[in-house]
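Protein chains: 2
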Amino acid sequence: MTSINERLARLREKMRESGLDAYVVTSGDFHCSEYVSSHFRAVCFISGFTGSAGTVIVTPKKALLWTDGRYFIQAERELSGSEFELMRMASKGVPTVTEYLAETLEDGQKMGFDGRIVSLKLAEEWKEKLTEKGKTVTFAADRDLVGEIWKDRPAQTFHDAFLLPEKVTGESASAKLVRLREKLKEKKAGAFILSSMDDIAWLFNLRGDDVPNNPVVFAFAYVDAEKAELFVNTKVISGTVQETLKTQGVSLKPYEDFWQLSVPEGTACLLDPAKTSYLVGQGVKNRIDATNPTTLMKCVKNETEQAALRESHRKDGIAMVKWLYWLKHHPAPETLSEIDVSDALEKCRREAGAFELSFGTIAAMGPNAAMMHYSAKPEQFSMIENKGFLLVDSGGQYTDGTTDITRTIAMGPLSEKQKKHYTAILKSMLRLSSANFLKGCTCYFLDILARGPVWDLGIDYRCGTGHGVGFCLNVHEGPNGFRWSKPVSMDGLVELEPGMVTTDEPGIYLEGEYGIRIENELLCVAGEENEYGRFLHFETLTLCPIDLTPVLTEELSPEERRELNRYHETVYERLRDGLTAEEAAWLREITAPC
Amino acid sequence: MTSINERLARLREKMRESGLDAYVVTSGDFHCSEYVSSHFRAVCFISGFTGSAGTVIVTPKKALLWTDGRYFIQAERELSGSEFELMRMASKGVPTVTEYLAETLEDGQKMGFDGRIVSLKLAEEWKEKLTEKGKTVTFAADRDLVGEIWKDRPAQTFHDAFLLPEKVTGESASAKLVRLREKLKEKKAGAFILSSMDDIAWLFNLRGDDVPNNPVVFAFAYVDAEKAELFVNTKVISGTVQETLKTQGVSLKPYEDFWQLSVPEGTACLLDPAKTSYLVGQGVKNRIDATNPTTLMKCVKNETEQAALRESHRKDGIAMVKWLYWLKHHPAPETLSEIDVSDALEKCRREAGAFELSFGTIAAMGPNAAMMHYSAKPEQFSMIENKGFLLVDSGGQYTDGTTDITRTIAMGPLSEKQKKHYTAILKSMLRLSSANFLKGCTCYFLDILARGPVWDLGIDYRCGTGHGVGFCLNVHEGPNGFRWSKPVSMDGLVELEPGMVTTDEPGIYLEGEYGIRIENELLCVAGEENEYGRFLHFETLTLCPIDLTPVLTEELSPEERRELNRYHETVYERLRDGLTAEEAAWLREITAPC
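Those protein sequences? They're chains A and B, same order as listed.
So for the first sequence, my numbering puts the first residue at 430; every next one is plus one.
So for the second sequence, my numbering puts the first residue at 430; every next one is plus one.
Simulated from the structure, these hints should not be mistaken for laboratory data.
Be careful, since some hints might not be right.
Note that identical chains are pooled: a pair holds if it fits in a single copy or bridges any two copies.
Unchecked claim - Below are the SDA-like pairs computed for lysine to any residue, each with C-alpha atoms no more than 25 Å apart in a straight line: (1) Lys564 - Lys616; (2) Lys849 - Pro796; (3) Lys848 - Leu939; (4) Lys612 - Lys846; (5) Lys596 - Glu808; (6) Lys564 - Glu505.
Please model the complete structure; the sequences and the hints are all you need to start from.
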């Protein structure tokens, strides 16, 4: 950890030279992405924390890292030995980044950050809180001090892009642009700046490989009533793709030119402050702040996408069952490492048709699974054991969809507590997946269905119950998601709509003991419309058996039992044809009604 | 119904004379009350609709009544034969009152309403929507046209007021005023206008009898840093009460003087636009709009109140069991009318110590119970039958609390559908009452627990799952309540706090068939505080057995069964000492574990 402290010393030197009283480093890239390519892993470089979400504040005296509940255990481990202190977000007595800045900085001081990375929303939140406290603090947002001390920084690399055909997306880019322009008109916006890569990928039916596991292309977009400009590294866009885009009414511009974009004086420009960098936001005079309309359009999968999703989940289910069969029939699982089982699963998935994983597989044995986002590394991993739980969270990128599935597998004897907790998580998952509700119901109103059985044990999982999932895109996608902590604004209260895909993944994580999570993806579908309104429910997209050996079946309610048996019947019926006779016979056995 | 059409004709004549294009009559009184004394029943006078919530719009061509789901069936019946059309609120294709006005009125037209009755919030909403549509419509708010044609209108009568002792309320008026002034300071308000009578009753520990079933006093209040003025009919306040109030720092003013109240220029005055009349709001220059701080203070019952509530519910439970025993052992229930059983219950309740009912008892046999707020009348009632369900919703006012309880009783043979629906409602009620949740959870996030089993049947109850309950006050009290339809603002997302009392009353209402409702009152209490936060749960205040004869016990989950048996054990243990040996033995039998 000396290297981290040395890096800190060099950063503080830079800060001194620039007269900065604090420097903030946030996760993200120029596109406010959640997951980033190696070029953008500045938080990791400066702090050693490898999680996907962290914020660093460095002052002359302090070095602090904020992260959320998913990463508490991991961050503690990764920061230990360095000067960094862990700030556990949403824990009692821990200020937020904004609160800390507002408390600590003094009137007249100066703070620095990379204005191309920090979102407009966040920077404005800082400004507001500081002003509230009666403090004027200068923002120096034009230098990337971490970049200046990062000698061997990987370059921002651009990979070949490709188009998804309309028979898969169900809608052409030009048709999407027509709908988008209608939305802009409704919002009285003359222009629209779009920085988020998954929205851009969706809008133009364009895919690439510029962020690991996220098939997106480094790009910005500008759309008004007449033109749709795509700022992209034109070298990686083939002539055919360029031609096709042109016929859809899209003009291509060099990626770097985006920083010089200027919105015509007097034109109201819509942008999403959470998805646009501070630097870009500063350049827009007449702003309309709103969630990207593309985000709200993208999250509702059309019928073509839904049909494709069913097929990609069938393929993914076959991969999962083949792998489970291999694991459950392995003569000596204790000779396998977490990495071995991950690799075996990746092989099955690629054979089933995945062109990439949708995120780095989490294969976590025993206590490792208490870290929600654990990842085994060549220099640190565990061997599979013949007892306890193996948690595996994984997914694939298919040209007809993105998958995300977690199964927790009993590898041998379990304690009564483990069985009780596993049963609670199964009940949680089933209660949410079997929900019936009226249109108008928000994601927040259903969270308790999954969280209830965990709360009943006096335990909580410190994250949402589920997140939206992209279509051959990012595995985390907004705005839908099952959560319970009060949203910051009414916009956060997202209503569930047919076509939305959301994961259902309650869990129990006991530090030093074990982790349990069962995750299926749910497609919201329309049910009966009657005098009470339109009923909605979920179709489970994920197709993979759930390990029943740990289940205390007498604790299942009649409804839970019916939902479970119905699900297992579907899994068997949909997957059997893709399996060998032995695999199919085994699947029949483990999916028998309980 | 000719009389209704005649009244309409006279109102339209008045409208013509005043040049009005529309006249709106809303439920309520000068205090924006939900339930009103007979003087204020203008909606009923003009339309014939007797429900507690309705809005009338009369135009030269149309006469419309809006009401909510609780009253659809009843309103249909009561309006039939008159010119009035029923507008079913929140039903597909039905505009709101505001939308209707904005659609129908034309630029330059004039609409009238009684500005002492219509809330500031509602009138401003009308104005806003009209302006949005580009229409300028003049508001004539200074005349009560319905009053002008209402010859034999009952007078506004003022009854003797009394003070609740501190040993029951747990806090003196002067202590409450100290807390209130702190809240006003936080909101940067120099003054506070309070019109709602239950808030006034709470603040000054004052009770009366000015609204049927609501032990409130016609009064307004004005509080600033120095003074606390209570506008009240001083003739009904005894010398002792006046003296006591004075020692608490309260000065008394004549009730009518309130209309002349003027807030000093430059003083920011807090008021609740939903609980203050348009006329009063018009007189305040510098307004701070917020929920009445007293409402937020009142809803959290202190420990003294909680202890008193337990006692009042024990008394109410004894009354209920004695009555149930009488009914279940009656040799010929078919000789009884709905009114007979109501009267018998009232007798039991008064013998148990209630000084008043908390609302008119709903005793509804068979299809009558499909009307959520049915009330049998001497001119129209049903006889008890030896089959189907009798639904009884009732409650008492005790000096140590207000109760509200519903039981649905099997009077004889039931259909399979009836049993299935009754079982669903029992599950609904139990799922909510047994909830465990972290502090920060809002009322909205729990509603699905109760509504889920009903939604699973493709049915909805068109109302909240529960409402707050006052302490020796109104049976309906805000802001807590279990609901699911998206709130209009973030303020509506009320967090549950220890001390809040909310009903848990899911139901199924099938027009022409039957109604089922089971209602208990839940007190929110603190549970364990651990690394995840503070857990909360509910203590069921209501003590009364639930009829198990209709229950399909095999459909209960292990958790539901445990909750039910635990509840019945408590009911027996808490009530046995107040019963005769025969009653206690019977109670033991019907509360045996299932």
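### Task
Provide an ascending list of the numbers of those earlier hints which the structure does not satisfy.
As far as the earlier hints go, 4, 5, 6 are violated by this structure, in ascending order.
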